[in-house]
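Chemist: In case you want the letters, here they are:
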Amino acid sequence: MDKIRIEGLEKTYASKGGRVTALAQVNLTIRQNEFITLVGPSGCGKSTLLKLIGVLIRPSRGLLLHDGVALTHPPRDVGIVFQEPVLLEWRSVLDNVLLPAEILGLDKTKAHARAMHLLDLVGLAGFERRFPRELSGGMQQRVSICRALIHNPSVLLMDEPFAALDAMTREELGFELMRIWDTDKKTVIFVTHNVTEAILLADRVVAMSRRPGRIAKIVDIALPRPRTIDMEFSPQFKSYSDQIRAVIYHGEGDGRR
Amino acid sequence: MTAQLIRGATETSDEAAESSESAESSESSARAILGATLTFAALVALWELLVRAFNIPGWLLPAPSAIAMALAEWRDELVRHSLVTLYETLLGFALSIAVSIPLAAAVVHSAILRNTIYPILLAFQSVPKVAIAPLLLLWIGFGVGPKIAVVFLVCFFPIVVATATGLSAVPAPLMELIRSLSAGTMQTFIKIRFPTAMPYIFVGLKVAITLAVIGAVIGEFVGSEDGLGYLILVSTSQSRTPLAFAALVLLTIISIVLYYGVAFIERIAVPWAPKN
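Just so you know, the sequences run in chain order Y and Z.
When we follow our numbering, the leftmost residue of the first sequence carries the number 1, and every step to the right adds one.
When we follow our numbering, the leftmost residue of the second sequence carries the number 1, and every step to the right adds one.
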């Protein structure tokens with residue numbers, strides 16, 4: 001079933017030198033519970049596309065449908081994780097996770113139970129009463145993932161969520177994310193500039209290139225799940241990686257330039 | 001399991017590093033306090049020594065011992081005048097907080113207000129308060145009113161600017177998150193903006209409280225019958241310089257105590273604020 005349908009989507013900004021096209025003619029259909037990664041160099045419009053999907057910004061042209069409906073306001077059904085954890089320093093870990101539930105006015109007892117379950121899922125059981133400043137960067141990002149999932153959204157938008165972390169924590173969190181996604185299926189749209197990360201996580205990699213930002217190529221990743229770290233060294237992985245690198249750096253996607 | 005253990009181990013070592021850091025900083029702050037006390041004591045001793053050595057008359061520059069004697073001799077009077085100045089300072093300060101924080105909130109939420117009120121505030125801030133004090137006396141009359149008004153005016157600007165800056169300091173991704181949840185303006189203010197602004201507001205309050213004492217003295221200089229400013233004015237004109245210095249000492253103490261009072265409230269109200 002199609003969760004999100006995007007047709008001829010464009011985003012342009014006014015700037016000093018006239019209008020700048022951040023995103024040109026994007027067509028993409030995302031299936032329910034699919035894990036999509038958007039990969040490309042900075043300035044390719046991948047974050048813009050993510051914000052458009054979250055209805056945080058409006059497109060200049062084109063069509064965007066959530067479950068067949070064009071939305072004018074951000075849907076409640078979406079959870080967001082950013083590059084920085086942006087936790088509230090004055091709230092405990094538990095209260096940070098509960099913030100969206102409070103704003104949406106969800107049932108307190110149920111939300112509390114779900115928060116505890118999520119914290120347990122990311123290995124933070126026992127840390128509920130701690131404050132963000134007492135946690136490492138990786139732990140803070142785990143909290144922000146729990147916060148994004150508290151209202152059980154069907155879509156999870158992640159804007160380079162592991163980019164600020166060290167390489168080891170990054171890998172660890174990637175596998176943790178896949179484990180969560182496996183037990184609690186959601187449509188995930190994950191922005192990254194790391195090709196390896198993009199392939200390892202995704203069902204489909206959407207490779208983007210810049211000037212103007214556009215989709216250069218969509219690659220189906222046929223690696224079996226659960227994914228393992230060894231897969232990175234398989235010939236199949238290398239072939240995916242070569243295909244993607246070729247289009248995002250040289251813009252040879254789909255024979256168009 | 002192993003990954004969890006390793007993760008646990010690296011995190012505890014991080015924590016350990018952090019706590020040893022804070023132990024170090026508390027040790028260095030104790031050393032700083034000791035250093036400051038010793039320097040202060042040395043300066044007072046030097047002052048006493050110089051006044052005695054050069055036989056400087058008491059009406060020109062009283063020795064610390066003479067100031068201490070004046071403090072003891074005029075104890076009751078000094079306490080009464082101190083309480084008046086303290087009252088004016090605190091009332092003006094409280095009034096300033098009550099007006100400037102809502103005003104800052106309004107400025108942050110409305111572009112029109114921001115563009116109209118800010119220039120007026122800036123113009124107002126540029127006018128020396130000493131120059132307005134006699135006018136306030138003319139408008140509000142004799143008594144405690146004009147002093148409170150001067151205190152209010154000197155505190156106002158730093159609190160408004162600090163609060164407005166703090167209310168606007170919410171990180172952009174956090175605002176996006178809040179927007180994605182369709183939170184209302186009031187909800188955003190109470191849950192996000194105001195707590196974010198708290199450390200900034202306290203920076204403004206700490207600046208304002210030191211100015212507040214100065215404001216009260218300015219008010220008293222222009223026209224009054226009590227307060228430490230009045231006492232300084234009267235005792236200087238009667239060449240009772242040790243008494244004037246005693247009043248000055250009390251003003252300094254009031255200023256320092258109030259400052260640390262605000263800092264203490266900050267520590268309780270904003271435990272997440274970065275320590276300076």
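Keep in mind the hints are simulated off the structure, nothing from the lab.
Hints may contain errors.
Residues from chain Y shown here face chain Z by an in silico Cβ test under 8 angstroms; the list is partial [to be verified]:
no. : residue
1   : L56
2   : V86
3   : W90
4   : P100
5   : L104
Straight-line Cα separation of at most 30 angstroms, DSBU-like style, residue types lysine-lysine; simulated pairs [as the list claims (entries may be wrong)]:
no. : chain 1 : residue 1 : chain 2 : residue 2
6   : Z       : K191      : Y       : K108
7   : Y       : K185      : Y       : K217
8   : Y       : K185      : Y       : K108
9   : Z       : K191      : Z       : K206
10  : Y       : K238      : Y       : K217
11  : Z       : K206      : Y       : K110
Quick reminder that beta carbons are idealized off the backbone N, C-alpha and C, glycines included.
Chemist: Does each hint fit the structure? Answer for all of them.
Modeler: Here is what the structure says about each hint:
1. L56: holds, 5 angstroms
2. V86: Constraint on V86/Y satisfied, holds at 4 angstroms.
3. W90: holds, 5 angstroms
4. P100: holds, 5 angstroms
5. L104: holds, 6 angstroms
6. K191/Z with K108/Y: Holds. K191/Z to K108/Y sits at ~17 angstroms (cutoff 30 angstroms).
7. K185/Y with K217/Y: holds, 25 angstroms
8. K185/Y with K108/Y: Holds. K185/Y to K108/Y sits at ~23 angstroms (cutoff 30 angstroms).
9. K191/Z with K206/Z: Holds, at roughly 24 angstroms.
10. K238/Y with K217/Y: holds, 16 angstroms
11. K206/Z with K110/Y: Measuring from Cα to Cα gives roughly 43 angstroms; hence the hint is violated.
Checked against the numbered hints given earlier, this structure breaks only hint 11.
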